[in-house]
Structure formats: structure tokens, C-alpha cells
Amino acid sequence: MEDLQTSALREEEFSKKIDLKLWKRLLRYALRYRWLFVGVIFLMLVVAFVDILYPQLTRYAIDNIVAEGEAGLRKLLPFGLVYLGFVLFQGAGVVSFILFCGKLEVKIAYDIRQDAFKKLQQLSFSYYDKTAVGYIMARMVGDIPRLSEMIAWSLTDIFWSSGYIIGCIIFLLAMNWKLGLVILTVLPPLAVISVYFQRRILRQHRIVRKQNSRITSAFNEGIMGAVTTKTLVREEKNFEEFKAEAGTMKKASIRAAVLSAMFTPIVMTLGSIATAIALYAGGRTVIAPTIFGTTMTIGVLSSFISYSTNLFDPMQQLAGIFAELQSAQASAERVISLLDTPCDITDSDEVIEKYGDCFDPKRENWEEIEGGVEFRDVSFSYKEGEKVLDHFDLTVRPGEKIALVGETGAGKSTIVNLVCRFYEPTGGAILIDGIDYRERSQLWLQDRLGYVLQSPHLFSGSIRDNIRYGRKDATDEEVVRAAQMVHADSFIESLEKGYDTEVGEGGARLSTGQKQLISFARVILADPRIFVLDEATSSIDTETEALIQNAIGTVLQNRTSFIVAHRLSTIRSCDRILVIRGGKITESGTHRELLKLRGYYYDLYTTQFTENSTRDVLN
Amino acid sequence: MEKKTEKVKLTKEEKIKKKQRAASIRKLIGEFSRGTVHHFVTGMIAILTANLSAYCIPLITSFTIDYVLLDYAEAGYQGGMVVAPWIEKLVEGFGGKAFLVDHLYLMGIALILMTGINAFSVYLRRSEVARGSELLAYNMRTRLYDHLANVPYDYHKHISSGDIIQRCTSDVDTIRRFVQNQLLEIVRTVTMVIIAAFIMLRMNAMLSLYSVMMMPLLAVAAYIYCKNVKKDFTASDEAEGVLSAAIQENAAGMRVVRAFGQQRSELDSFTAKNKDYTQKNLRLNRLMAMFWGISDTFGYIQIGISLVVGIVFTIRGRISVGEMLVFSSYTSMLVWPVRQLGRILADLEKAGVSLGRLNEILEVPVEAEPGKALRPEIRGAVEIRGVGFGYEDGQDVLKDISFTARPGETVAILGSTGSGKSSLVQLLQRLYTVREGEILIDGININDIERHHLRKNIGIVLQEPFLYSRTIMENIRIVDPEAPEAEVYDAASVASVHDVITSFEKGYDTVVGEKGITLSGGQKQRVAIARMLMQKAPIIILDDSMSAVDTETDAAIRDALQARREGTTTFIISHRITTLCRADKILVLENGRLVQEGTHSELARADGLYKRIADIQNLLEDELNSGDDSTDSGNGNGKEAI
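Those protein sequence lines, which keep their order, are chains A and B.
Read in the working numbering, the first sequence has 531 at position 531, and its numbers run on one by one without any break.
Read in the working numbering, the second sequence has 182 at position 182, and its numbers run on one by one without any break.
Incorrect hints may have been included.
A few chain A residues facing chain B, derived, Cβ under 8 Å [said to hold, decoys possible]:
#1 Gln56
#2 Thr58
#3 Arg113
#4 Phe242
#5 Ala244
#6 Thr248
#7 Ala257
#8 Tyr280
#9 Leu394
#10 Thr395
#11 Thr501
#12 Val503
#13 Ala508
#14 Arg509
#15 Leu604
#16 Thr607
Derived DSS-like pairs: lysine-lysine, alpha-carbon spacing no greater than 27 Å straight-line [stated by the list, open to error]:
#17 Lys118/A / Lys506/B
#18 Lys524/B / Lys237/A
#19 Lys497/A / Lys273/B
#20 Lys506/B / Lys383/A
#21 Lys536/B / Lys119/A
#22 Lys19/B / Lys472/A
#23 Lys119/A / Lys21/A
#24 Lys350/B / Lys210/A
#25 Lys275/B / Lys243/A
These aren't lab readings, by the way, just hints derived from the structure by calculation.
All residues carry an ideal CB built from backbone N, CA and C; glycine is no exception.
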């Protein structure tokens with residue numbers, strides 16, 4: 001949650017100008033509901049009109065009913081009914097305006113979210129490698145609701161505010177154009193002051209939010225690092241530092257509050273000048289002819305006063321909307337940039353024509369995969385100029401099991417990422433069963449691919465749901481059979497709810513070993529031709545090690561396998577071990593052959609062996 | 001009969017508990033609001049003047065119309081305003097109505113002045129209330145932070161940090177917002193109603209009744225609505241949570257999604273959640289629309305009643321035109337705050353719940369000094385005498401442990417997971433208190449040594465050390481921010497991390513944990529060792545703190561330590577034989593008991609855990625010679641190797 005806030009804030013800068021192109025692009029979402037959108041605007045104008053008529057009602061009551069004394073009483077019933085009609089109309093207006101705006105907001109949010117989510121399913125891994133999840137969340141959870149609210153409520157509110165202001169101006173001028181003009185001179189300075197204040201207030205609020213996220217991280221650190229703080233006897237110094245942060249927060253918040261506290265009173269006072277002018281000049285005209293006319297009724301005077309008072313509310317509102325619009329611009333930019341991010345890896349039109357896209361695959365046209373993989377003169381770099389692989393060649397027979405060992409950053413993970421087509425070679429080609437994989441769709445390959453991560457990722461839901469993720473149409477029996485094949489059933493059944501046990505977010509309620517087993521069962525169910533395992537470096541207890549060892553044997557059977565290996569037992573069970581250093585294969589052969597070389601593999605093996613055995617003894 | 005009394009007792013106990021809780025919350029409120037009272041009092045005075053002046057503004061207009069202008073109106077209005085005698089006298093003093101007719105601008109100036117007073121009061125109220133409530137928030141935050149730093153270690157081990165952070169941020173904010181925006185709003189509304197009632201009653205009692213007749217209904221309806229709509233808000237919030245979790249999981253598990261080609265099913269399940277959230281929001285929106293629409297209608301009807309009845313009263317001559325205008329503007333001034341009142345009362349509960357949640361944290365007792373709180377100079381002799389220890393849930397962790405370490409000695413501790421080695425060293429720091437036996441440092445029971453003094457003199461590095469999100473330089477010299485940089489470089493060199501740090505783009509100014517920069521586990525451990533060295537403590541503890549460092553670096557660090565820390569008593573928890581074998585004394589723990597004690601040469605000969613670890617090198621040699629690829633390990637007796 002905090003990441004989300006800070007990352008949203010980091011980019012949030014005040015754009016000087018309102019970028020119309022951006023908003024036009026977003027307005028297209030509103031225009032999908034053209035009638036609703038137009039209806040809302042119409043309604044806003046109608047409600048504004050009715051709001052304007054209220055002082056006219058009072059004026060009528062004073063001039064035409066009260067002034068006539070007893071005779072006026074006859075007009076009271078129709079007047080009351082008209083008033084009631086107004087009120088009911090107004091009520092209906094408010095109900096439908098909220099209904100429509102709310103509906104518009106919710107629909108726009110739904111559509112943008114839907115489009116963005118679709119986009120996320122298509123973006124390549126280069127995007128995910130560069131983009132933190134918090135960053136994506138900030139767009140999806142922070143920006144989209146903000147924008148849809150903005151479009152549905154604020155943009156439409158412009159019509160109410162300006163409608164009301166225009167209506168007031170019209171009535172003022174119509175009743176007495178000279179006095180009206182005098183009163184309206186207050187408007188320009190008011191507009192300037194409003195815009196100035198609203199912008200400053202928003203800016204100050206941003207400072208407050210930034211400071212607020214600092215406070216949250218301070219609490220986070222205070223709690224996560226509590227023991228360290230105790231052992232270092234930092235309590236007092238940390239507290240002093242925290243007090244400084246909290247003090248800054250207090251000051252910034254007070255400054256923001258004082259700014260907003262000043263704004264309305266200033267507008268009020270300015271407004272009272274207009275009212276005073278109306279009272280004085282109008283009053284003089286009631287008494288005797290002035291330059292504003294020969295006479296004026298009390299009713300007109302009172303509605304003049306009402307209008308000049310009421311004018312300032314929508315002015316404030318308009319200023320607020322424009323300031324908000326400016327500050328929401330950054331949100332708009334972020335959302336649009338997500339929607340418009342180009343995919344690094346795309347299927348060509350011909351390929352999509354034949355194989356379908358990732359949402360609607362045409363499985364009937366798919367060829368079977370045997371599992372032969374060939375790297376032909378492959379070069380690859382993540383960043384321009386930093387080659388991870390340089391003219392790399394490797395041929396793997398269908399069903400062969402390859403272990404990749406080497407230091408972090410040597411290029412092992414790159415090789416498996418390329419096999420999976422999570423990345424594409426920048427030079428050369430990768431052939432599956434003798435054909436460049438770019439001639440088929442991504443889904444064609446990935447659908448037959450088994451991929452188990454370093455730290456296996458499970459989705460929240462039951463164990464059964466997670467295993468079934470490998471093949472959504474699998475029956476319960478098939479799920480159980482898959483679990484049995486990787487020896488996961490015994491631990492699953494020992495759980496109180498068995499296969500219906502909830503795994504928690506990311507599988508947090510299970511141990512790493514258990515997660516690993518479930519991810520194997522998931523792969524078994526998917527029955528892939530090519531299997532990729534990126535093994536964890538972190539130590540696992542002996543029991544789990546044994547369990548996983550048994551399971552891997554089953555998973556590897558009859559499948560072309562690439563394993564980024566750390567566990568000795570896994571490495572030894574492979575047909576061929578490749579030592580990767582600096583993007584090149586430096587040693588290649590079976591376990592025994594490599595031991596004889598007394599090279600990198602030999603060293604790796606001996607240290608690994610010691611660590612493993614010690615762990616065995618201690619557990 | 002018996003059952004009944006039991007029940008009574010229980011409720012009595014509950015009552016007492018409730019009372020205690022209420023008392024502690026009252027105490028908490030008192031504590032939090034320290035220093036804020038004068039802001040709130042000023043705020044309330046400002047509310048009063050704001051209300052009074054707000055009521056005067058329409059009075060000025062009505063006075064002008066009734067008293068000054070009505071005589072000149074063409075139409076024949078009934079009656080005129082009855083003004084207070086002192087105003088009449090005042091006006092007479094200036095020269096009567098004629099004076100005002102000639103100097104009508106005075107009324108305009110009065111209007112501006114009155115609005116000015118009102119505006120200033122509004123400003124004063126808002127800024128003072130903001131000052132008060134921000135100070136309140138400051139008090140809450142600092143109190144919580146301080147408290148959390150001083151509760152025992154055990155508390156931190158058992159809490160969910162997410163929940164506590166939530167309380168320290170969201171709940172604090174809920175209370176602050178309530179105080180800032182709503183609490184004084186209650187005062188404002190109530191005084192507004194009282195003042196309005198006073199003025200209106202003086203004008204006309206009957207019309208006053210008509211003007212407020214629907215308001216209580218409005219407030220009650222708003223209260224009931226706001227309470228009931230809460231569950232719909234919760235439902236929408238929950239649906240949003242589900243949706244966010246779905247996005248989060250999808251993004252985090254994107255590789256899995258792709259690897260199984262599940263984009264379609266992901267999209268379908270997301271669409272379902274998106275629809276559900278949309279539906280719940282639409283429902284909420286419908287409820288809101290009904291509420292605002294209906295309450296607006298009733299509000300306007302109230303204003304209408306006031307207007308229509310006012311008209312009748314005016315025509316009948318019971319009130320003046322000016323008074324009629326006063327009534328209708330007062331009514332529209334009152335209607336909306338009264339509706340708001342219902343909502344505020346519904347929110348009051350939320351603030352109460354938040355306060356209770358904070359109270360739960362602050363009720364936890366902080367660490368205490370059980371003994372004499374001495375601050376002796378520490379040389380480093382440690383004696384453990386028959387120490388037993390267990391956590392609160394009853395399980396025994398350590399039983400009857402006794403050993404001694406002379407100043408400058410190195411004691412290595414070996415044990416399997418859960419054998420109690422970490423607990424043992426944590427007892428030394430008094431992160432926990434011993435249950436049986438005693439721990440003496442230089443002959444003084446550590447319970448008698450002031451805990452901060454004790455901890456300053458014992459440096460500890462944990463297996464998964466915590467680094468603060470500051471620069472590496474600041475982290476290393478965190479116990480002594482004034483220490484010269486040369487000293488930091490020296491400590492970092494001893495911990496074999498100086499070269500690593502200088503290889504970073506920003507070197508020692510690299511901020512730990514900032515985007516993209518993550519130190520590996522081994523690097524963190526080494527930085528923590530350097531940090532500990534800056535403490536210059538006579539006793540140091542390395543709690544498996546080189547587990548993520550490779551064996552060679554491990555050895556280099558130990559050599560450097562040895563050369564530097566002459567005279568330091570050292571405790572090392574490790575399972576690396578190369579580390580263990582060089583200690584002056586090796587302790588082997590199993591299930592909380594000390595089962596073996598001795599030097600390398602003694603323990604390597606005796607059967608036990610230590611010997612089995614020491615024999616692993618032989619196993620490796622066997623394995624390399626066996627030529628068998630498929631078995632995990634051979635057993636038997638080999639020669640010394642490597």
C-alpha cells in the first residue's frame with residue numbers, strides 16, 4: 001500500500017498546461033456512453049437553471065403576493081404548488097444527476113480497467129522486469145478511479161457551475177443591466193484569486209501526502225527494525241528523528257489547513273462587496289431615481305442581493321475543478337502511457353491469422369511440439385551494448401535434460417527466458433522442432449511449456465484451484481492424480497481441509513517446499529513438452545529436499561528440460577551439465593566427466609556438498 | 001440458583017472491565033489532547049462569533065429594507081420592522097431615518113464589515129481547529145512510536161506488523177479527521193440552532209416552529225441512513241480489495257500466467273471481479289442518489305414551508321417583509337448542517353473504534369528494570385549459572401545451562417534448528433529475562449545492569465540483519481553519527497565489505513533499499529558486522545551472521561576480527577567447522593540442553609554432533625572417489641582432504 005502511494009507521488013508533478021490531447025483520449029471512454037454523458041450535461045444545465053429560479057420565486061412572492069396584501073393571498077395556493085413543483089423537480093434532478101454521474105463514473109472505470117488489464121496480459125517481460133508491481137498497482141488502483149471520478153463528476157460539474165454563473169449573469173443584467181455590470185466587476189479578481197488559492201492548496205496537500213508516506217515508512221521501520229533498534233540502543237535517537245518527521249508533518253498539514261481556511265473567507269469578503277454595492281445602489285434606486293433607473297421594487301432588490309451572494313459558490317467550484325484537472329493530468333499521463341505501451345514481443349498478423357491471439361487461440365491449427373530446441377547463433381542483450389549472450393549455439397534433442405550451472409549473472413536465466421520466448425533473441429534465431437519460433441504464436445509455445453520458478457508463485461485460492469491452473473478443464477480426479485505423481489498428496493491430505501485448503505496470497509500459508517510440490521503438480525497436469533525449472537538458491541530442509549527430489553524425477557520424464565540448478569541431486573540427474581560463464585558454455589558433459597576436469601564445476605560441487613551435508617546433520 | 005449468580009458475577013466482571021477500559025480510554029484522550037485545549041477553546045469562541053455575525057448579515061439587509069426603504073416602495077406593504085429601542089435611539093442620535101436614507105452606503109459598509117468579522121471568525125475557527133487537531137495527531141503519533149520502541153522484544157515477535165502500521169496511520173488519521181472536521185461541527189450546528197431559535201422566537205414563535213418542524217426528522221433520517229449504508233460501503237471496499245488483490249497477483253505471477261498460457265482465464269476471472277465491484281458501486285451510488293435526492297427535497301420543502309407561512313404572516317401583518325426574508329434565509333442556513341449532524345453522529349462510532357484500537361497497543365506494558373539499574377564498566381567476563389528459559393506459551397527452550405567465558409575468549413555455539421542457541425544469546429542482551437538461574441557479567445547479575453547500558457556493551461549481529469533505509473555510511477555509524485569516516489572505512493574493511501561498497505555507483509552514499517538497489521543477504525550481513533564493530537563493545541555476538549557469506553570471506557572476516565578485537569569476549573553461532581574449530585571453547589546445544597563442551601581436538605574425538613559435522617570432509621572425499629553418480633552420499637571413513 002505504501003509503495004503504491006510513494007510511487008504515485010514520485011511522479012506526480014504539476015503540469016503547467018492542460019494537455020487537451022490527453023483528455024480527449026480519455027473523453028473517448030466517456031463518449032462510449034454518449035447518451036448518458038450528454039444526458040448528464042443536460043441535467044446539470046437544467047438543475048442549474050432551477051437553482052437560479054429560486055430567488056425569482058422569492059422576488060415574485062414579495063412583489064406580487066405580499067405587496068398586494070389580503071388580495072395576494074389568493075395567489076398563495078398556486079404559488080405554493082409551483083414551489084412544490086420546483087422542489088420535486090429539483091429532488092428528481094438531484095437523484096438522477098447522482099445516478100447518472102455515478103453510473104458514468106463506474107462504467108468508465110470498468111472500461112479503462114478492463115483495457116489496462118488486457119494490455120497487461122500482452123506486455124512482454126521486458127516491461128515486467130523494469131516495472132515494479134507497486135507501479136502497476138498505482139495506475140490500476142490509484143489513477144483509474146481518480147480519472148473516472150474526475151471525468152464523471154468534475155467535468156460535468158463544469159456545466160453546472162458555468163450554467164449557474166451564466167444564469168446569474170443573465171438575470172442580473174436582465175433585471176437591471178447597469179447595476180448588473182457594476183456587480184460583475186467583482187468577478188475577474190475573484191477568478192484570479194480562486195485559481196491562485198486552489199493551486200496553492202493542492203500543492204500544499206501534495207507536500208502533506210509526501211510527508212505522510214514518510215511517516216508511514218518511519219512506523220514501518222520502527223516496527224520492522226524494533227529489535228535492531230533495541231540492540232543498538234537507538235530508541236532515543238530514533239524517537240528524536242521521528243519527532244522531527246512528525247513535527248514536519250504537523251507544520252505542513254497546518255499550513256495546508258490555514259491556506260484552505262483563508263480561501264473561503266477571502267471569497268466571502270469579496271462577495272460581500274458585490275452585495276453591499278447591490279444593497280446601496282439598489283436601495284438608492286428604491287428611494288429615488290439614480291443612474292441605475294427611475295425606480296426598483298423591493299423584490300428585485302432582494303433577488304439582486306441573492307444573486308450577487310450566490311454567484312461566488314460556483315466560482316469557487318470552477319476554480320477547484322480546474323486546479324484538480326491540472327493535478328490529475330499526471331494521472332492521465334500515467335494511465336494513457338500504460339494503455340499505449342508497445343509490446344516488445346508481438347506475433348505478426350499472419351501468425352495471429354493462423355494461430356489466434358492470446359485471448360482467442362485457434363488451437364485447431366496448432367502443430368504438435370516434439371521438443372527439439374536449437375539456439376542458432378543467438379545474441380542477446382537487455383540493454384543496448386551490454387551483450388549477455390554473444391553468438392551462442394546449443395542444440396538440445398527432444399527429451400534431453402539440460403542442467404545449467406554458473407554464477408549469478410552468467411546468463412543462465414537468460415537462456416531459459418529465451419527458450420520460453422519471454423524474451424526474443426536480438427540476433428540469430430531459436431528453433432523449436434527445426435522452425436524459428438517467431439513463425440508461430442507465443443501462446444502456441446507457452447501453452448506447451450512447463451515453467452517452475454525459483455520461488456514458486458501460487459495464486460490465492462485453494463490447493464485444488466492452484467493445481468488446476470495447469471489445465472483449467474481438469475477433473476478433480478486428474479488433480480488428485482497429478483498431486484499423487486509428485487508425492488504431494490500425503491501432505492495435502494494431512495491438512496485439515498485437504499485440497500480445499502486456502503493457500504493465502506502468493507501461497508504464504510504454505511512452506512516453500514509445499515509450494516514447490518504444488519507447482520510441480522500444476523505442471524504435471526499441464527503435461528508440457530518442454531519443461532523449465534529455475535531452482536532456488538536458498539536452503540531448504542532435508543525433508544523437503546527429499547520430497548522435491550522424488551517429484552522432479554516424475555516431472556522430467558519424457559520432456560525436454562532446462563534446469564537452472566543449484567541442488568546437487570537435481571544436477572546429477574540431468575543428461576548434460578552446462579557450465580555457463582560470461583554468456584558462454586565453458587564446461588559441458590555429465591557429472592562424472594566434469595568432476596574429472598577439476599574446473600569450475602568441481603569447485604562448485606565440493607563446497608555445495610559440504611554445506612548440504614552439514615545441513616543434513618543439523619536438521 | 002448457582003448458575004444465576006455465576007452469570008451475575010460474569011456481568012459484574014464485564015462491567016468492571018468495561019469501566020476500566022472506559023477509564024483507560026479517557027486517560028488516553030487526556031494524554032493525546034495535551035496542549036490542544038486552548039486551540040479548541042479559541043475555535044469554539046470563533047464559532048460563536050462566526051455564528052452571530054452570520055446571523056447579523058441577513059439582519060442588515062432586512063433592516064435596510066424594512067426600516068429605511070419600505071416607506072419608499074410603490075406597493076403598499078403591511079407594517080414595518082419593530083427594531084430594538086437602542087437601535088432606534090442610535091439612529092435618532094444620527095438624525096433619524098432621513099440620515100440613513102441620505103447615507104445608505106453606511107448599510108453597505110456595515111454589511112462588508114459584518115461579513116469581514118464573519119470571514120475572520122471562520123478563518124480563525126478553521127485554522128485553530130486545524131492547529132489543535134494536528135497537534136493531537138502529533139501527540140498520538142509520537143506516543144505510539146515511542147511506545148512501540150519500548151515494548152518488549154517478545155511483543156514484536158508476535159504482532160502482525162501490517163496491522164500495527166495500519167493502526168498507527170489509518171486509525172490516527174480517522175480520529176484526527178473526526179476531530180478536525182466533525183467534532184466542532186457538532187458544536188457549530190448546536191450553537192447555530194440555539195442562536196437562530198433565539199432570534200426567530202423573538203420575531204415570531206409560531207413561524208419559528210413552522211421553520212424547523214422537519215429538521216429533527218431530517219437529522220434522525222440521516223443518522224439512520226448513514227448507519228445502515230455502512231455495510232454497503234464495506235461490501236464495496238471488500239470488492240475493491242478483491243479486485244486489487246487480483247491485479248496484484250496477476251502482475252506478480254505474470255510468468256506463471258504466461259507459462260501456462262492462461263491469459264484468457266485470467267481475463268475472465270478479472271472481468272468477473274471487475275463486474276462485481278462495478279455492481280456494488282452502482283448499488284451504493286443508487287443509495288446515495290436516493291439519500292441526497294430525498295433529503296434535498298425535504299430540505300427545500302422545509303424552506304418552502306417557511307416561505308409560504310412567512311408570506312401569510314406578512315400579509316396578516318404579524319411580521320414584516322424583512323423578517324420574512326430573515327426567516328427564509330435562516331431556514332436555509334440551518335437545514336443542511338442539521339442533516340450533516342446525523343451523519344456526524346454515525347461517524348462518531350468509527351472514531352471510537354479507532355481510539356480503542358490505539359488503546360490496545362498502548363496498554364501493552366513497556367520494558368522495565370527489574371533490578372538496581374547499575375551502569376558498571378564492563379570488561380567481558382560472562383558467567384551463566386543454571387539458566388532456564390521458556391516463552392510465555394509454556395514451552396521450555398533452555399534448561400539448566402551453565403558455562404563461563406573469560407574476557408577475550410571466543411566461545412562457539414553449535415546446535416540444530418530449535419536447539420535454543422539464538423535464545424541463549426538474546427538472554428545475554430536481556431531481550432528476554434531468564435526464568436531460572438542467573439547470568440553474571442563481571443560478577444554482576446545482568447538484571448541489575450541498566451538495559452541500555454548492557455546492550456551498548458554487547459554488540460550483536462543477527463542472521464537476517466535489519467538495515468535502516470539510509471545511506472550505507474549512516475547505517476555503519478548509526479550508533480555514533482559523529483565518528484570519522486576513516487573509522488567507518490576501517491570497520492567496513494574488517495567486515496570485508498569496503499570494496500563492495502566502493503564498487504557501487506554512489507559508494508558509501510548508496511541508500512539501502514532505494515529503488516533497484518538491493519544488497520544481497522551476504523552484503524547485508526557484512527554491513528551489519530561493520531556497524532556492530534563501530535559499537536566498540538567488550539562483548540560481541542555473531543548469531544549465524546555469516547551464513548550468507550562464502551567460506552573464504554568468512555575466514556577473512558574472522559582473521560581481521562581476531563587481529564583487531566584483542567580482549568573482546570566473542571560468541572559465535574555457526575555450523576561451519578572452519579569457524580568452530582578455532583574457538584577457545586565450543587558448546588554443543590541439543591533441545592535446550594548443553595550436551596557437549598570443549599575444544600576442537602576434544603570434541604572431534606568424542607561421539608556427537610560436532611564429530612559428525614567434522615567428518616563431512618571425509619564424506620566428500622569418498623563421494624569424489626566413489627565414481628557413483630546416482631547416490632547422494634557414501635558413508636565410511638576417508639582420509640583428511642582439501
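Hint-by-hint comparison with the structure:
The beta carbon of Gln56/A comes no nearer than 13 Å to any beta carbon in chain B, farther than 8 Å, and the hint placing it at the interface is violated. Because the smallest distance between the Cβ of Thr58/A and any Cβ of chain B comes to about 7 Å, under 8 Å, the interface hint for this residue holds. At a threshold of 8 Å, the smallest CB-CB gap from Arg113/A to chain B is about 6 Å, leaving the interface hint in force. Taken as an interface hint, Phe242/A checks out: its beta carbon lies about 5 Å from the nearest beta carbon of chain B, inside 8 Å.
Hint on Ala244/A is violated. Least Cβ distance to chain B is approximately 10 Å, over the 8 Å limit. At its closest, the beta carbon of Thr248/A sits 10 Å from a beta carbon of chain B; the interface hint therefore is violated under the 8 Å criterion. At its closest, the beta carbon of Ala257/A sits 3 Å from a beta carbon of chain B; the interface hint therefore holds under the 8 Å criterion. Below 8 Å, beta-carbon pairs count as interface contacts, and Tyr280/A has one with chain B at about 4 Å; its hint therefore holds.
A distance limit of 8 Å between C-beta atoms decides the matter here; for Leu394/A the minimum to chain B is near 21 Å, and the interface restraint is violated. Interface restraint check for Thr395/A: the shortest CB-CB distance to chain B comes to about 23 Å, outside 8 Å, so the restraint is violated. Restraint check, Thr501/A versus chain B: the minimum CB separation of about 18 Å is more than 8 Å; hint violated. For Val503/A, the suggested interface contact is broken, since its CB lies about 11 Å from the closest CB of chain B, more than 8 Å.
Evaluation of the Ala508/A hint against chain B yields a violated restraint, the C-beta minimum of about 12 Å exceeding 8 Å. The restraint placing Arg509/A at the interface with chain B is violated, with a minimum CB-CB distance near 14 Å, outside the 8 Å limit. For Leu604/A, the interface hint is violated, since its Cβ never comes within 8 Å of a Cβ in chain B; the closest pair sits about 11 Å apart. Checking Thr607/A against chain B by beta carbon gives a least distance of about 7 Å; that is within 8 Å, so the hint holds.
For a cut-off of 27 Å, the pair hint linking Lys118/A to Lys506/B is broken: about 39 Å separates their Cα positions. Among the hinted pairs, Lys524/B with Lys237/A is consistent with the structure: their alpha-carbon atoms are about 22 Å apart, no more than 27 Å. The straight-line distance between the Cα atoms of Lys497/A and Lys273/B is roughly 25 Å, inside the 27 Å bound, and the hint therefore holds. Between Lys506/B and Lys383/A the CA atoms are separated by roughly 21 Å; this keeps the pair inside 27 Å, and the hint holds.
Proximity of Lys536/B to Lys119/A is assessed by CA-CA distance (about 56 Å); at most 27 Å being required, the pair is judged violated. The suggested pairing of Lys19/B with Lys472/A is violated, with an alpha-carbon distance near 56 Å, which exceeds 27 Å. For the suggested pair Lys119/A and Lys21/A, the alpha carbons sit about 21 Å apart, so the restraint of at most 27 Å is met. Between Lys350/B and Lys210/A, the direct Cα distance comes to roughly 26 Å. Compliance with the 27 Å bound is thereby established for this hinted pair.
Using a Cα cut-off of 27 Å, the hinted pair Lys275/B and Lys243/A is violated, with the two alpha carbons roughly 45 Å apart.
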